[in-house]
Amino acid sequence: MSYVSSVTSRSRRLTAAVAVSLAVTAGTLASAPVAGAAAPAAVSASAATATSTISADEVIAFPEASEIVSAGETGFLSASAGREYRWTRYDGTSTVLTSPGGAVLGAASDVVATTTADYVLQIRDMATGAAPVEVDLRKLGPGVDIAIGLVGSTVLTSVHSNTGAEFLHVVSHDAEGTLLDQAVTGLPADASHFVVRSAVPGAALVSYWSGGKTRYAVVDLAAHAVVETYENPKPSSDSPSLALSATHVAWVEQTTGTDGRPAKAVVVADRKQPGVTQRFTVGDAAGVTVGLTGSWVVYGEDATGPRGERLPLVAKSLATDTGTDPGKELLEHATSLTVAPDGTLLVRGGSLVEGEAEGLFRVTAGADGVSREQVARSGEATQLAVTGYDVPEVLDLDKNRPTANFTFKANRPNVAVDMVISGEGQIDHYLFMWSGGGSDYGKEPGTLVAKWDGTYDYGNGDYGQSGVTPNGTYEWRAQIRPTDGVGKPVELRGKLTVTRAPRTHDWDHDGDPDVLSVNAKGELIWNEDGNGWDIPWGTGWNIYDRVSAPGDLGGTNQPDIVARDRNGYLWLYQGGTWEQELSPRSRIGTGWQIYDKLVGGSDVNADGKADLLATDKSGGLWLYPGTGNVSAPFSARKKIGTGWGIYNQIVATGNIAGAPAGDVVARDKDGVLWQYLGKGDGTFAPRTRIGGGWNAFSRILAVGDHDNDGRNDLMAYSPTPITSGKNVYIYKGTGDWRAPFGSRLVQWAGGEKAPLLF
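Numbering (the numbering used here), first residue to last: 921 to 1678.
One or more of the hints may lead you astray.
Straight line, CA to CA, 30 angstroms or less: simulated DSBU-like cross-link-like pairs of lysine-lysine [stated by the list, open to error]:
id, residue 1, residue 2
1, K1154, K1248
2, K1559, K1589
3, K1415, K1319
4, K1589, K1646
5, K1441, K1559
6, K1589, K1517
7, K1517, K1529
8, K1415, K1441
9, K1408, K1441
10, K1133, K1154
11, K1559, K1599
12, K1529, K1559
In case anyone wonders, no lab produced these hints; they're calculated from the structure. The model shown is predicted, which means the values in this text are computed figures rather than measured ones.
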């Protein structure tokens, strides 16, 4: 940092003052402001009334989604995210200012400047409402003047010459109304990249680049001269905020904390005592905003930091702070601020005090310290609240593919949702967790979305399991949290019943097909998805020589099993819950020893009930239509075909071609696979050839929709590995009857299975 008490550096090579006469459209400009080193002028009586303490019912409206730009004695200038500029008087009336050529300029006064065309300004006195004064910067010269700031009625311009040099000018007027284009003296010859960062009546704080370093200059506008300069050795790129008062200058530096990590510090220089500074560490916050009022420095954070939280707006005394004083917290957060002509600050921020919320606050330094009061409210919320949510009590996962969306509506931006679904009473052992939210993490108020694909994953080693969530009732918990750390989160809880339509091979009700087999010991083995753990479900099954899984026969909404013993008795095992496995068997028929094949899994007559097919030893094909009655699940048989003895395997695939009726595929002794499409009347269309080489498999299973894409698939099993140690294959359904199954895409080692596999 350097301090210049008197201007000793070489002045710019342009003339110090070039007077030019310009015609004005209408009105007159006020007299030139006083120099910045002087104390701020007293506020007029009318303005003092307008800015006095405001009662709750007198708080005016602040434009929604807007920031504060400048403030005068009678009102303030704001800008929205969509660049709508608005002047609002303290009596609540407001005026939208259009500036097609760029931003609306203004600082520390009621005077603002709009751009009506390239390099043409209209300067407006918002206090008096007088007709605007037009200033055509194109008529100034030499070089191109670009307006970069306005303090009172004085315009600061960055002048670019034909040689590429850049200069800082002040455009003002004399008593006769003649505009003066005056070069600012006291700047180094290589100074460039001028930006007006802060201002008080009569002076502006300008940042510039010189000698490879970032520097700041206090410019006395009346004298068009630099009266002080400062250097920032490590400027913070994300915190360019600066502050100027009659007694101090403040900026943000990038530094290193005591823990060796990156940090930032607010640096305050005493304008009356050259070289005297005070430093206030603020951690590695992003977008630090700085203000000065009286003998106080005020700073906060206008963007989220590395952990997502915002810093509150804090005031520190420049007179008494010892470095350990935590300061006085004024607001929960601040996004922008500006200085008013009387030296107070207007801050756009938020408060959790009841009745305040988001809006504009005035920060005032007095004999008893620093205080703040709300001037205007935006109608936006500071404290998070959930205004509505949609988590159904019953979730049909068949209808919510590929994901179920749980929605939560929040009243403010910068929020996210964390959601957990778990077994009842096991909230710490979660099935599913979603962290985040829609709407770009809620950076705009509105709806957050948690998405669930119906799968579970016990994280953090809880159970070490993952898969598809079975049907059943679960608990859910959602935390809607502010990502900026402002205010408290909201927690919601409830119960969620997962349901899906029964599937032929889905005995654990998780939407994925399973495989059952009987081993040499007569044990019934359940294998989840055909690729999971082998779990015994019962013993004594070696009494059966035919077993099939036709679907739901008895109206339980669960898949059932039919099994024939060696005496020709037919038995029914109804599906239970995924915890209770199968219900006890009941006898549903006799004389079934006449059949050599039992085939279930297709609704052949398209009446919504599971049917059973059987082939006799002469090759006749018989249909047993399902009734839906568990006591008598099949009606009288109907012969629907002959010549089926040529097939060594027949598989009821369900609907694989898009028609409402179930279909069948059959393999002949040569390994050719044939397709029979159900016509919906209990019969089949003529067969079509759909593949060869299928005699490589000992068992073909219609397992249903293995990959949950809405189309039924086919599983093929060989007792010995075919390729790379794998012996179980999945052929994905295509939905096209001309080629109903694609290439085998999934394969794994299924182990040695007994011939009775279904």
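Going through the hints against the structure:
no., hint, result
1, K1154 x K1248, "holds (27 angstroms)"
2, K1559 x K1589, "holds (23 angstroms)"
3, K1415 x K1319, "holds (19 angstroms)"
4, K1589 x K1646, "holds (24 angstroms)"
5, K1441 x K1559, "violated (37 angstroms)"
6, K1589 x K1517, "holds (15 angstroms)"
7, K1517 x K1529, "holds (20 angstroms)"
8, K1415 x K1441, "violated (42 angstroms)"
9, K1408 x K1441, "violated (61 angstroms)"
10, K1133 x K1154, "holds (9 angstroms)"
11, K1559 x K1599, "holds (15 angstroms)"
12, K1529 x K1559, "holds (18 angstroms)"
Figure legend: structure checked against the earlier numbered hints; hints not met, in rising order: 5, 8, 9.
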